[in-house]
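Now for the letters of each chain:
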Amino acid sequence: MSLCGKRGPPLNSFILPAATLWQREMIRFWRQRSRVLSVVASPLIFWLLMGYGSNDLGRYYSGTLVLTVMFSAIFSTISIIEDRREGFLLSMLVSPAPRTSLVLGKILGSATLGWIQGLMLLIFAPLAGVAIGLADIIPVIAAMFLISFTLTGLGFAIAWKMDSTAAFHGVMMLLLVPMWMVSGALFPMATAHGAVKALMWANPMTYSVALLNHTLRLPNASPGATESLLVTAACGLLLLLLSGALAAQQSTRSAA
Amino acid sequence: MIEVQNLTHRYGERVALSAVSFAVKKGEIFGLLGPNGGGKSTLFRILSTMMVPTEGKAIIAGHDVAREPAAVRRTVGVVFQTQSLDKALTVEENLRAQGHLHSLSGATLRDRMQNAMERLGLEDRRKDLVDTLSGGLRRRVEIAKALLHRPQVLLMDEASTGLDPAARRELSQHIENLRDRDGVTILLTTHILAEADRCDRLVLLHQGNIVSQGSPAELRSSIGGDVVVLETSDAESLAAGIRQRFSANASARDGQVRVEISNGHRFIAEVVEAFPGAVDSVGLHKPSLEDVFVRETGASIE
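Each protein sequence line maps, in turn, to chains L and Z. Heads up: the first sequence begins at 141 in our numbering, then just goes up one per residue. Heads up: the second sequence begins at 299 in our numbering, then just goes up one per residue.
Certain hints may be false.
What the hints assert, rightly or not - Derived CB-CB ranges, DEER-like: (1) Z:Arg-312 to L:Ala-306: 43 to 53 angstroms; (2) L:Ala-342 to Z:Arg-408: 50 to 60 angstroms; (3) Z:Glu-353 to L:Gln-163: 34 to 44 angstroms; (4) L:Ala-307 to Z:Gln-412: 11 to 21 angstroms; (5) L:Ala-306 to Z:Asn-475: 42 to 52 angstroms; (6) L:Arg-393 to Z:Lys-323: 45 to 55 angstroms; (7) L:Met-260 to Z:Lys-323: 54 to 64 angstroms; (8) L:Gly-310 to Z:Ala-321: 44 to 54 angstroms.
Note that these hints are calculated values from the structure, not bench results. Just so you know, even glycine gets a beta-carbon here, dropped at the ideal spot from N, CA and C.
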């Protein structure tokens, strides 16, 4: 037995860990397919009730897509808390793989899952009166991925420092759900009251909903397309860097 | 191979480790024995780079655990007390993912996986989901996983927790093979005496301090002769009486008097005669690590 393993080039030591974590999320997702229902079903029901109730399915469609992606991001990142006490995350913590690579792999994996589940709801586009043309399809699915990536990054940054899933539920109800409510998912920014309007302006999720309204050619698409794209992408990148920094911190408190 | 120097760790006000020092030689099985809350887990977390100590330092294969965690992580394999496997994946998938974390791939990784599975007798379970494996098998997968990158040092935290005695013996055998065949240095934490007895050397930890260290034989021989345990209704006064009359080391605890004495069989006859009616039952045994621990701390391990 040689004492130390032969190590690949530096690129390998960054990409391999990230790729394996991404792949792990895919395998787990495939083996637990039935869980998809729990993520997709409730936004779908909310949408159908609100949409038919108000006779305007189109108004709530983008918000529903964002909600689906958000639920998926929450489910994926909440597992970080459990996984660290007992689970695969423990071996990640004591492996020499760069923390940024691990964070990227986990976020990309979870983001892919949210994206897939969001895409499933695109089947219902005709109900919302949306016809997705051939030229629109790429921007729509790209926007969905970007939004999923950003929301997963947000979930990761919140979950990383948390000790209990109960605390995460608190954050979800007090922060994430209200954020979604004032994102333009339920009412347009144009007619909102002054204070709420300011909140919407400052809320990154507003830009996600607007981005989808733009790509799906739905009304109430404000702020503008470029602005929405830039803000969503910038938030995603910032949250990725923040998550990486959090995960790389050394502490006199145990990481697990 | 492992050097721990004046290691101190505080969680806020609470001192979990106070100025602990010891050294582990290459190729030995070294045990940290003590009750839960004695400081073992804290020491394990520091050595496995999960947290940095508040004072002092620990060096593994020439690398400081707090300053060069990446180098240490390449050198050590870690087996956790809790499960670190993904239950939704198969044995093979778990090992492959671990290999990737260590930048192993292709033919090298396949060979290592094959080798690790053979070594721990897991080949016929390679395609099984971890969820379907018994506790003993899962432990073996954990060890196989920790060995993939051929670490010089293996750190194990309460590795036999939750295993039945047969699985525990089997695990000990695997650990001894690693030492004998591959020269791996092994540091394990335990509160199980039988396991501690199989270590080459060990330290006894109590309330964050090392109360004693040496080989199991050395530690036991620090108690001369025999240990006699007497059950009685009034332990304190019987212990006092014995100390006075036999000038032996006698301590009272939980309705028992524990006496360290040479020629225990003769002492038993004398003590029963000297204190008629006071002794309910009598036991005699050769000193165990538990006796060493009790003498040093007044507390019990298990």
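Hint numbers contradicted by this structure: Violated hints (numbers, rising): 1, 4 and 6; every other hint is consistent with the structure.
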